[in-house]
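Whole structure, please, built from the sequences with the hints as guidance.
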Amino acid sequence: MTTTTPRVGKERRRRGGVLGNTGLYVAVSVAALLFLLPFYLIVRNSLSTDPEITGENWKILPSFQWSNVSELFDDQTVQFGRSLWNSTLVAVLMTVGTLLVCSLAGYGLARIPYKHANKVFYAVLATLMVPTAVTFVPSFVLVSSLGWVDTYRGLIIPGLFSGFTCFLFRQYFLGFPKELEEAARVDGLGYWGAYWRIVVPNSLNFFAAIATITFISGWNAFLWPLVIGQDPSSWTVQVALSSFMTNQTVNFHLIFMATAISILPLVFVFLFLQRWLVQGIAQTGIKG
Amino acid sequence: MSALSSSNWDRRNVLRAALGLTAAGGLAACGSNTGRSSGGSGTGLVQYFHAYGEAGTEQAIKRYAKAYSKANVTTSWITGNTFEAKLFSALLTKQAPDVFEFHPQLQMVKSGQVADLSDLIDPVKDDFNPADIKSHTVDGKIYGIRMIDDPQFFYYRKSMLEKAKVDVPTTLDELLEAAAKLTTDKVKGVFLGNDFTAVQNAVIFSAGANTLDEKNQIAYHTDGVVQGLKQLRQLFTSGNVLLDAPTDFWDPSSLDQGLCAIQWGGMWSMPVMQKALGDDLGIFPFPAIGSSGKQSVYNGGWSMFVNAKGKNVDAAKEYVKWLWIDQKKYQEDWALSYGFHIPPRTSIANGATKLKSGLPAEAVKLFTDFGHFDNIAYDQTMQTAFADVIASSVRKNGNPEAALDTCDKKVNVELKKLFG
Amino acid sequence: MSATTTRGVAQPAPVKASQARPRRGLRGNATLNFWLFTGPFLIGLVIFVFVPIGWSIWLSFFDARYTVTPSQFIGLDNYKQILTNSNFPQSLLTFTVFAVFIVPTTWALSLGLALLVNRLRFMRAFFRSVFFLPTAVSYVAAALVWKMSIFSGVRFGLANTVFGWFGVDNIAYLADPSPPWYWVVIVSLRLWLQAGFYMILFLAALQNIPAELYEAAAIDGAKPGWQTFRYITLPQLRATSTAVVLLLLVAAYQAFDEFFNLISTKATWAQTPLMELYKTALGNSQDYGAGSAGAVILSLLICLVTLAQGKIMGFGRGEESK
Numbered sequence: 001m002t003t004t005t006p007r008v009g010k011e012r013r014r015r016g017g018v019l020g021n022t023g024l025y026v027a028v029s030v031a032a033l034l035f036l037l038p039f040y041l042i043v044r045n046s047l048s049t050d051p052e053i054t055g056e057n058w059k060i061l062p063s064f065q066w067s068n069v070s071e072l073f074d075d076q077t078v079q080f081g082r083s084l085w086n087s088t089l090v091a092v093l094m095t096v097g098t099l100l101v102c103s104l105a106g107y108g109l110a111r112i113p114y115k116h117a118n119k120v121f122y123a124v125l126a127t128l129m130v131p132t133a134v135t136f137v138p139s140f141v142l143v144s145s146l147g148w149v150d151t152y153r154g155l156i157i158p159g160l161f162s163g164f165t166c167f168l169f170r171q172y173f174l175g176f177p178k179e180l181e182e183a184a185r186v187d188g189l190g191y192w193g194a195y196w197r198i199v200v201p202n203s204l205n206f207f208a209a210i211a212t213i214t215f216i217s218g219w220n221a222f223l224w225p226l227v228i229g230q231d232p233s234s235w236t237v238q239v240a241l242s243s244f245m246t247n248q249t250v251n252f253h254l255i256f257m258a259t260a261i262s263i264l265p266l267v268f269v270f271l272f273l274q275r276w277l278v279q280g281i282a283q284t285g286i287k288g
Numbered sequence: 001m002s003a004l005s006s007s008n009w010d011r012r013n014v015l016r017a018a019l020g021l022t023a024a025g026g027l028a029a030c031g032s033n034t035g036r037s038s039g040g041s042g043t044g045l046v047q048y049f050h051a052y053g054e055a056g057t058e059q060a061i062k063r064y065a066k067a068y069s070k071a072n073v074t075t076s077w078i079t080g081n082t083f084e085a086k087l088f089s090a091l092l093t094k095q096a097p098d099v100f101e102f103h104p105q106l107q108m109v110k111s112g113q114v115a116d117l118s119d120l121i122d123p124v125k126d127d128f129n130p131a132d133i134k135s136h137t138v139d140g141k142i143y144g145i146r147m148i149d150d151p152q153f154f155y156y157r158k159s160m161l162e163k164a165k166v167d168v169p170t171t172l173d174e175l176l177e178a179a180a181k182l183t184t185d186k187v188k189g190v191f192l193g194n195d196f197t198a199v200q201n202a203v204i205f206s207a208g209a210n211t212l213d214e215k216n217q218i219a220y221h222t223d224g225v226v227q228g229l230k231q232l233r234q235l236f237t238s239g240n241v242l243l244d245a246p247t248d249f250w251d252p253s254s255l256d257q258g259l260c261a262i263q264w265g266g267m268w269s270m271p272v273m274q275k276a277l278g279d280d281l282g283i284f285p286f287p288a289i290g291s292s293g294k295q296s297v298y299n300g301g302w303s304m305f306v307n308a309k310g311k312n313v314d315a316a317k318e319y320v321k322w323l324w325i326d327q328k329k330y331q332e333d334w335a336l337s338y339g340f341h342i343p344p345r346t347s348i349a350n351g352a353t354k355l356k357s358g359l360p361a362e363a364v365k366l367f368t369d370f371g372h373f374d375n376i377a378y379d380q381t382m383q384t385a386f387a388d389v390i391a392s393s394v395r396k397n398g399n400p401e402a403a404l405d406t407c408d409k410k411v412n413v414e415l416k417k418l419f420g
Numbered sequence: 001m002s003a004t005t006t007r008g009v010a011q012p013a014p015v016k017a018s019q020a021r022p023r024r025g026l027r028g029n030a031t032l033n034f035w036l037f038t039g040p041f042l043i044g045l046v047i048f049v050f051v052p053i054g055w056s057i058w059l060s061f062f063d064a065r066y067t068v069t070p071s072q073f074i075g076l077d078n079y080k081q082i083l084t085n086s087n088f089p090q091s092l093l094t095f096t097v098f099a100v101f102i103v104p105t106t107w108a109l110s111l112g113l114a115l116l117v118n119r120l121r122f123m124r125a126f127f128r129s130v131f132f133l134p135t136a137v138s139y140v141a142a143a144l145v146w147k148m149s150i151f152s153g154v155r156f157g158l159a160n161t162v163f164g165w166f167g168v169d170n171i172a173y174l175a176d177p178s179p180p181w182y183w184v185v186i187v188s189l190r191l192w193l194q195a196g197f198y199m200i201l202f203l204a205a206l207q208n209i210p211a212e213l214y215e216a217a218a219i220d221g222a223k224p225g226w227q228t229f230r231y232i233t234l235p236q237l238r239a240t241s242t243a244v245v246l247l248l249l250v251a252a253y254q255a256f257d258e259f260f261n262l263i264s265t266k267a268t269w270a271q272t273p274l275m276e277l278y279k280t281a282l283g284n285s286q287d288y289g290a291g292s293a294g295a296v297i298l299s300l301l302i303c304l305v306t307l308a309q310g311k312i313m314g315f316g317r318g319e320e321s322k
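Residue numbers (the working numbering), protein chains in the order written: chain X, 1 to 288; chain V, 1 to 420; chain G, 1 to 322.
Just so you know, not all the hints are guaranteed correct.
What the hints assert, rightly or not - Below, simulated PhoX-like cross-link-like pairs (lysine-lysine); rule was C-alpha separation at most 20 angstroms, straight line:
| no. | chain 1 | residue 1 | chain 2 | residue 2 |
| --- | --- | --- | --- | --- |
| 1 | V | 309 | V | 94 |
| 2 | G | 266 | V | 409 |
| 3 | V | 409 | G | 80 |
| 4 | V | 328 | V | 125 |
| 5 | V | 186 | X | 59 |
| 6 | G | 266 | V | 410 |
| 7 | V | 321 | V | 125 |
| 8 | G | 80 | V | 410 |
| 9 | V | 396 | G | 266 |
| 10 | V | 141 | V | 215 |
| 11 | V | 311 | V | 321 |
| 12 | V | 317 | V | 66 |
| 13 | V | 328 | V | 70 |
| 14 | V | 110 | V | 215 |
| 15 | V | 141 | V | 125 |
| 16 | V | 70 | V | 317 |
| 17 | V | 186 | V | 165 |
| 18 | G | 80 | V | 417 |
| 19 | G | 80 | V | 416 |
| 20 | V | 215 | V | 409 |
Claimed, not checked - Facing chain V, a subset of chain G residues (Cβ under 10 angstroms, in silico):
| no. | residue |
| --- | --- |
| 21 | 63 |
| 22 | 66 |
| 23 | 81 |
| 24 | 177 |
| 25 | 264 |
| 26 | 269 |
To be verified - Restraint-style ranges between C-beta atoms, simulated for each label pair:
| no. | chain 1 | residue 1 | chain 2 | residue 2 | range |
| --- | --- | --- | --- | --- | --- |
| 27 | V | 238 | G | 187 | 27 to 33 angstroms |
| 28 | X | 119 | G | 74 | 31 to 37 angstroms |
| 29 | G | 115 | X | 273 | 23 to 29 angstroms |
| 30 | X | 59 | V | 309 | 52 to 58 angstroms |
| 31 | G | 312 | X | 118 | 20 to 26 angstroms |
| 32 | V | 309 | G | 74 | 21 to 27 angstroms |
| 33 | X | 118 | G | 304 | 21 to 27 angstroms |
| 34 | X | 119 | G | 187 | 39 to 45 angstroms |
| 35 | V | 368 | X | 71 | 41 to 47 angstroms |
| 36 | X | 174 | G | 168 | 53 to 59 angstroms |
| 37 | G | 46 | X | 85 | 28 to 34 angstroms |
| 38 | X | 85 | V | 138 | 42 to 48 angstroms |
| 39 | X | 59 | V | 418 | 54 to 60 angstroms |
Since the hints were derived computationally from the structure, they do not count as laboratory data.
Glycine included, every Cβ here is placed at the ideal spot set by N, Cα and C.
This is how it looks when you write it as structure tokens:
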């Protein structure tokens, strides 16, 4: 990825001396260490015993208690394995659903001529003004009157209709080359066919970026799963973590092991999908 | 067993959900087939419990439920600090619990949320602690069955007090002095819970005041309480008090791990503390505040209620009667086998050998001599308002009088809603 | 070719449609297709966004305690109640202070990181990943680490351990609100979590600045460093900055997770508007009427602020003119 910016490199070479470079690397390394510190703590604590964590002297390296992993999953009261499964299911289904629903709508708003399209777009835009979190009380009431408390549909479906994601898709499709679609029309495809055969396959980068962002926000969501997940069996990882924190008994090593495991999938998603993510974010149109 | 595993989440359901959505305006149509199915034979009942910290409690509650033959009872064991929020919001929904534990709340009676249980209790009314009956009675009807009484008091490490030559404090002044003498660079003198709200009722009682008076008017706003708040503020800023501990007052860890010499706690912690500290453990009530004050113990506890708006009120009542009236063995097990609690029923309390000697017997004496019970009219909203007083005048440097005035305003609005 | 023929055939609403953009598609069933594509989303939006908003507004005029299907109309009492006899106004103030501080700080930090990373020649991808990685962590997990490990008030917390080496007594960062250490806890957490994401936005923007601009500036005698930054880089980042500030503002409005887990609801300080609404509606008092009234007030405020910000910084205009 270092190859992406040759021209800035040229400009830099002119002014950066050896000394300036050393200073730069010192500064960036210090910042990096600070940013990595919490990760270090999570790993250290998750692989320690409680006395090691709460002891009077700071232990830099843990004693690598790998048995903490099995202890965590054997703990019956919090059902951590179950919450991991719930989070996975919720995040995956939410990602798939959001991509489907919002991309279709974004395409419709961007590309299909309809005389009231602008009005519809403004209605979508208006929902951006009201953060979803503000409407959580009536949303909860609505979802509960549908009988969706403690169900996957209650956790997933209300989160699919993100005005913001729809907005991002619309912005993206506005910039999608028209020539490609026209070629599809030549082949006699309607909007639907052109969308699935031409537009989507040529936008996979962008879909991947939105997918990553949606997956992360689905995985990390807290307030909504907190109110929807009444029964521990429907808790997501975040709710389980929160309850660990406020539980009646505190087992540090288990809490941090749970934290470590809850972060792990996303760290992998990040490291592997980072290229798409960075490109996608650059494409979202936010960059103006 | 749970809602999730029983509501077969398969492709058809996804489809149905999606179709339900697409059917514009079909609000009422969707979700019609959800809800907790009972799975087994007979009626399905759902009960809500907050997560007790003591080992074995969850298994015990589920064991009792399993022994009941007339209904299939599922237990929601709610860990974390959101029990109230979860319970109350669940009560609005179709998946509301049929049976739940809580504290007596007039608001719940007035809004018709909890069922009248008089006919269950009346035959054995005399066997209950009269104070527990009183705190659950509204207009002659009894709305909840007390399961356990939980007196709250201070625990202390005898060895630490001896070493520092400190007597057991009987006034708040003495407690402040003791805290100062007991504090070392490794150990803090006293622990009142991380946010001090654990003692919010004790402060009122120890100052000789009350939450509400006989006519259900504010009785906590006295000079004694103001003085108590000021002294707590002193204590809070003295550096002799344990703050930001990893566990709160309900957990024995802080005293056990030697983070403090004196800790506020509940009787439920006693078995674990005794195991950890042996004889190096004593208890005393919340010390008196000011000249008109006297030592006090706050008797908390938990009661069973039946959701009057539930689908199976009669079955729920039958279950509650079976477990919390008839099954004395289970009641005794629940009160004495895990944490220690005082059984509200005289016949069980009298036969409880575990509470007859040593520290538990002392606790029972504190409960009887200094105990103050819940007032059903002093509801959660008012308690939250008073918790704000603690936050703003003890943890923050606010004027206690002003904080109490703010509290009065909120409480009066609430009282007006309750009594007109 | 088929495209041009269909263009000639169907022209039902030429003026308005072509105003949106000139189109050579299958006009005939465009309306149907439009609804086919947007329908599922719009229906969901109506049910899960517009209905709750409407319901909320309706509830706010009723006495809705322990119920969400109230019958007693009480006019503006809920609004009076939440504005005069609750902690809600205080929370709005808290939030404002928080936003005024956190938004510029995050902006500056993420821009600073982007500038640093952008100048790196070696290990650039590595450092970018390091700064970006916290974005993957949830507020809950971060709050847990902050509360139980870094800023734990007891002797084995990291901060207290480090301070202990210098003989400083243990500090109760969260329990004791004076001095307000809790802001250090919350702000550092938020910076850690957010800065990486916005850094990526700035990086993308930085790389889009034409190198010629810098060369021209150098010829004109602008010194590299502050002058170039002030007169070339910053103006070129204007659009991104605007977007970042807007996103940060919205994020600050929605602050809940880390406050809820760090401060808890049993305090009178550092309570965000959302926490007050949570307490009012879902907490002990179960007052959905007053909670909804608060939600309505908050929404109106957010609309105002967003519109004002759009006016001042010009976000949205560029989008619409496309």
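(message) When the structure is checked against the list of hints, which entries are broken? Sort them ascending.
(response) As far as the earlier hints go, not one is violated by this structure.
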